[in-house]
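Enquirer: Build the full structure now, drawing on both the sequences and the hints.
For the record, in the sequence shown the residue sitting at position 31 is 32 according to our numbering, with numbers rising by one throughout.
Misleading hints may appear alongside valid ones.
[Stated by the list, open to error] Now the in silico label distances, taken between C-beta atoms and shown as ranges: (1) 109 to 181: 33 to 43 Å; (2) 154 to 69: 42 to 52 Å; (3) 57 to 115: 49 to 59 Å.
By construction, these hints were calculated from the structure, which means they are not laboratory data.
No experiment lies behind these values; they were computed from the predicted model shown.
We put the beta carbon where it would ideally sit given N, CA and C, even for glycine.
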Amino acid sequence: MHTHQTSLPLSPLPPSALSLSALPLSAVPLSAVPLSAVPLSAVPPSAALTRRAARRAPRRALRVALAAVGLFLVAAPPATAHDQLRSSTPAEGATTTGLPDQVTLVLSEAPLATGAQLVLTTPEGDTVAAGAPAVEGDGATLTFPLTGEGPAGDYTAAWHVVSSDGHPIEGIFEFAVRATATAEPTKDASEEARASATPSQDPPSSTPSVASTDLAGASRPADGRPADGRPADGRPANGGGTVDPILVVGVGVGVAVAVLVVVTFLTRRNHPAPDPADHADSTDSTDVSE
2 MHTHQTSLPL SPLPPSALSL SALPLSAVPL SAVPLSAVPL SAVPPSAALT RRAARRAPRR
62 ALRVALAAVG LFLVAAPPAT AHDQLRSSTP AEGATTTGLP DQVTLVLSEA PLATGAQLVL
122 TTPEGDTVAA GAPAVEGDGA TLTFPLTGEG PAGDYTAAWH VVSSDGHPIE GIFEFAVRAT
182 ATAEPTKDAS EEARASATPS QDPPSSTPSV ASTDLAGASR PADGRPADGR PADGRPANGG
242 GTVDPILVVG VGVGVAVAVL VVVTFLTRRN HPAPDPADHA DSTDSTDVSE
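Expert: Below, the structure is given as structure tokens:
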């Protein structure tokens, strides 16, 4: 018995009947399939995670940065301010009479015991280093001794100390020095003794003694004039003497002015000024006669 097998022709299936999920991904070229037609279930899990991680990476980086900043702010110790100069003696811009014998600095906190220095700059540009400072009070006051004298002018004080936190700090300030008043020299004991031992040389008194007065009266004649013939007032007997030339010139000028005034007065009196009315009458008579 023969079995007759008939092969039926297979008609091609439409593309919509094919499921991409039944095909291996390696058999389907990605360039030939649009992305919208590929279900997410067909994409390997590694690619989906990579895409999701790429979207979340900026947010994660921002969160990490904020967490690091917060941790730094919480863990960092509070910052301590360095010591500062509160005041000085002499003060900034002050004027002193003569160079002071010390300079005092008052800081906000007590500095370290080592490293404190102070240097002065004189008006000539010379530098003078002060001595080692003396610590006073709570340790924040330093007094630097100065030795010697300095010229008058503007001084600059440069100071340097090590702050309580170990950080060196420094600064400068200026003050002026005025010259001291010069005292008058006093006489020593030897000069005073020598002055007392020297006899006084006072001029003789101008008052004549009684004996000299009697002798002068005896030598004067009865008419009151001295024996040499001069009057008692000391002028020469012939009436001569020295005449002041300025007085002579003044008298001469006065006499000349007086004579000029008298001559002018007499001239005007003898020749009076013509009357204007007479002049008008004479003019009218002349016109009539013509």
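Enquirer: Could you run down the list of hints and mark each one as holding or not?
Expert: Each hint tested on the structure:
no., hint, in the structure
1, 109 to 181: 33 to 43 Å, "holds (35 Å)"
2, 154 to 69: 42 to 52 Å, "violated (58 Å)"
3, 57 to 115: 49 to 59 Å, "holds (58 Å)"
Checked against the numbered hints given earlier, this structure breaks only hint 2.
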